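Asks: For reference, the chains in residue letters:
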Amino acid sequence: MKPAPFDYVAATEMSEALDALHQGGTEARVIAGGQSLVPMLNMRLARPAMLVDITRIPELSRIEAKGDQVTIGAAVRQSALERWPDLADRLPLVRAALPWVGHAQLRNRGTVCGSVAHADPSAELPLCLIALGGNVTLRSRRKTRTVAARDFFQGMMSTDLAPGEMIVSVAFPARKDGTGFAFREVARRHGDFAIVACAATARPDGTATLAVGGVADTPATLDLPADMADLDDRLNEFAWHLQARDDLHATARYRRDLVRRLGHTTLKEALSCRD
Amino acid sequence: MPRLTKDDVQPVGFKLNGRPVVVRVTPRTLLTDALRHEIGATGTHVGCEHGVCGACTVQVDGEPARACLMLAHQADGCDIRTVEGLAQGDALTPLQEAFRAHFALQCGFCTAGILMTLDALFSRQPDADEDAIREALSGHLCRCTGYAPIVQAALTARNRIKGGPIDA
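Here the protein sequences come in this chain order: F and A.
Okay, so the first sequence: first residue is 1 according to the working numbering, each after it adds one.
Okay, so the second sequence: first residue is 1001 according to the working numbering, each after it adds one.
Here chain F stands alone, though its shape is the one from the complex:
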């Protein structure tokens, strides 16, 4: 229950971090808050030869609302986003989801981008990023590229991040007038991993998107038309399509049932709170 040995680079500039990651290749990992990575290190599920600490790079600690999106740097802690004064106005869905991310003690250290990088299928922040159609900006020594969240998450704890690359920021589209948002989750205990988590966004024309985490290997989305007469049928089809599995926490059948019911409630809530 102690990490295997690793080299440690505490970068203070972006170029230092990128050089170290380039040099470390597949054996190097970025550490920021460490709330997902250190458990993996302690249990020796991850044994990187090098850790590159990016929390002392000043430019990564910024939250910027520019144009129609909010960009969150790789060292921004979840608690810092929770306390960002514009959160309720700009990112109401994220505001609703953040209290469900682990416990307060973990959010004080854990970063927004770290949760995205870890890509746990039941994690709330990747779910919000997908629900809102956000993106991830990756940088290596050679280039910077921006990937849509839907393409970034490739499987359970598996992403488009290449060796030598790091996440520098994620961007969430900001709230527009006339839209509504809702977030709901079922877990055994508040702060535990979600058995099913639902995030819904509703647009002024009555169309909506439901994103579901905790069931498939990555968060999945269902786009819905303004006419919701056959909503329950669509949800049922969607629930089957997710190919839920039985595990220690819940049966596949229970998960499908949650997708139908929690999905319905979350969508209706998003539609009714449009403003």
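Think of the hints as simulated: they come from the structure by calculation, not from any bench.
Treat the hints loosely; a few may be bogus.
[Unchecked claim] Cut-off 20 Å, straight-line C-alpha distance, at most; resulting in silico cross-link-like pairs (EDC-like, lysine to aspartate or glutamate):
1) K2(F) - D1007(A)
2) K2(F) - D1008(A)
3) K143(F) - D257(F)
4) K1015(A) - E1038(A)
5) K1006(A) - D19(F)
6) K1162(A) - D1131(A)
7) K268(F) - D177(F)
8) K268(F) - D246(F)
9) K143(F) - D19(F)
10) K1006(A) - D177(F)
11) K1006(A) - D1033(A)
12) K176(F) - D89(F)
13) K268(F) - D217(F)
14) K2(F) - D1131(A)
15) K176(F) - D151(F)
16) K1162(A) - D1129(A)
17) K1006(A) - E27(F)
18) K268(F) - D223(F)
19) K176(F) - E269(F)
20) K143(F) - E59(F)
21) K2(F) - D1129(A)
[Claimed, not checked] Which bits of chain A does chain F cover? Going by a derived footprint, with three or more residues having C-beta under 8 Å, they are:
22) 1050-1064
23) 1135-1149
[As the list claims (entries may be wrong)] Label-pair distances were calculated between CB atoms; the ranges are:
24) D275(F) - R1003(A): 48 to 56 Å
25) R1100(A) - A148(F): 50 to 58 Å
26) E1130(A) - M1(F): 30 to 38 Å
27) H241(F) - D1079(A): 49 to 57 Å
28) G1062(A) - D257(F): 42 to 50 Å
29) H241(F) - C1144(A): 39 to 47 Å
30) D1079(A) - G206(F): 50 to 58 Å
31) E1130(A) - E82(F): 37 to 45 Å
32) Q1010(A) - H241(F): 24 to 32 Å
33) R1003(A) - G67(F): 36 to 44 Å
Computed from a predicted model, the values in this text were never measured in an experiment.
A virtual CB, placed ideally from N, CA and C, is assigned to each residue, including glycine.
Got chain F; can you put chain A on it based on the hints?
Replies: Coordinates of chain A only, in the frame set by chain F:
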């Protein structure tokens, strides 16, 4: 840029309960082990070592955090407070007094972490209500008390700290 190879034993300086300390540790040393093994500050307990149980909770720059999920080198320059920083000599804090009065501990393994979480909660939010207290406690496991006496102690401590009637 500090760059350490895996066997490098390098100094890390931080404030511990108001006093500057320096420990010499390898990169993989966790903050829990630096506190307990290098400094001998064994008030911070080690439970699950993956962030679930809350026994190792300390305050990092005023905010509760898991010491088992922090590398000691990440604490460089930080202000760390542990349970040893609460009582002044034999004088317990109102929070500690309330824990004693309400029998809010039995084996005491989880207590240090819970005290650090509640101490931070009341510093930030002196009028925290029962929901906020329970929310903060949700990050801690206690297998002795069933939590009810802990909540009672927290409510009593909050009232004492606020200067109101003591009995919750």
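Asks: None of the hints should be skipped; say for each whether it holds.
Replies: So, going through the hints one by one against the coordinates:
A hinted pair counts as satisfied when its Cα atoms are at most 20 Å apart, and K2(F) with D1007(A) qualifies at roughly 15 Å. About 17 Å separates the Cα atoms of K2(F) and D1008(A), which keeps this hinted pair within 20 Å; it holds. For the hint linking K143(F) to D257(F), the alpha-carbon distance of about 44 Å lies beyond 20 Å, and the restraint is violated. Restraint check for K1015(A) and E1038(A): satisfied, since their Cα atoms lie roughly 14 Å apart, inside the 20 Å limit.
For the given pair, K1006(A) sits about 18 Å from D19(F) by alpha-carbon distance, which is consistent with the 20 Å threshold. Distance restraint check for K1162(A) and D1131(A): the Cα-Cα separation of roughly 17 Å lies within the 20 Å cut-off, and the hinted pair is therefore satisfied. For the given pair, K268(F) sits about 18 Å from D177(F) by alpha-carbon distance, which is consistent with the 20 Å threshold. For the suggested pair K268(F) and D246(F), the alpha carbons sit about 28 Å apart, so the restraint of at most 20 Å is broken.
The hinted pair formed by K143(F) and D19(F) meets the criterion: a straight-line CA distance of about 13 Å does not exceed 20 Å. Proximity of K1006(A) to D177(F) is assessed by CA-CA distance (about 53 Å); at most 20 Å being required, the pair is judged violated. This hinted pair checks out: K1006(A) and D1033(A) have alpha carbons roughly 16 Å apart, not beyond 20 Å. Note on K176(F) and D89(F): the hinted pairing holds, with a Cα-Cα distance of about 10 Å set against a maximum of 20 Å.
In summary, the hint linking K268(F) to D217(F) is not supported, as the alpha carbons are separated by about 25 Å, beyond the 20 Å threshold. Between K2(F) and D1131(A), the direct Cα distance comes to roughly 35 Å. Violation of the 20 Å bound is thereby established for this hinted pair. Straight-line distance between C-alpha atoms of K176(F) and D151(F) comes to about 24 Å, which puts the hinted pair past the 20 Å bound. Between K1162(A) and D1129(A) the CA atoms are separated by roughly 12 Å; this keeps the pair inside 20 Å, and the hint holds.
Taking the CA atoms of K1006(A) and E27(F), the gap is about 13 Å. The hint holds against a cut of 20 Å. Restraint check: the Cα-Cα separation between K268(F) and D223(F) comes to about 14 Å, which is no more than 20 Å; the hinted pair holds. With a C-alpha separation of about 17 Å, the suggested pairing of K176(F) with E269(F) holds against the 20 Å cut-off. Note on K143(F) and E59(F): the hinted pairing holds, with a Cα-Cα distance of about 18 Å set against a maximum of 20 Å.
Among the hinted pairs, K2(F) with D1129(A) is inconsistent with the structure: their alpha-carbon atoms are about 38 Å apart, more than 20 Å. For a cut-off of 8 Å, the count of residues in the region 1050-1064 of chain A with a CB near a CB of chain F stands at 7, and the three-residue condition holds. Counting residues of the region 1135-1149 of chain A whose beta carbon lies closer than 8 Å to any beta carbon of chain F gives 4, which meets the minimum of three for the stated coverage. Range check, D275(F) to R1003(A): Cβ separation about 51 Å, and the 48 to 56 Å hint holds.
For the hinted restraint 50 to 58 Å between R1100(A) and A148(F), the CB-CB distance of approximately 56 Å keeps it satisfied. Our hint of 30 to 38 Å for E1130(A) and M1(F) holds, since their Cβ atoms are close to 35 Å apart. For the pair H241(F) and D1079(A), the beta carbons lie near 50 Å from each other, so the given range of 49 to 57 Å is met. Between G1062(A) and D257(F), the C-beta spacing of about 43 Å keeps the proposed range 42 to 50 Å intact.
As the Cβ distance of H241(F) to C1144(A) is approximately 46 Å, the hint placing it in 39 to 47 Å holds. About 51 Å separates the C-beta atoms of D1079(A) and G206(F), a value consistent with the hinted range of 50 to 58 Å. Checked against the hint of 37 to 45 Å, the pair E1130(A) and E82(F) fails, with Cβ atoms roughly 21 Å apart. Here the CB-CB span from Q1010(A) to H241(F) is close to 52 Å, at odds with the stated 24 to 32 Å.
Our hint of 36 to 44 Å for R1003(A) and G67(F) holds, since their Cβ atoms are close to 38 Å apart.
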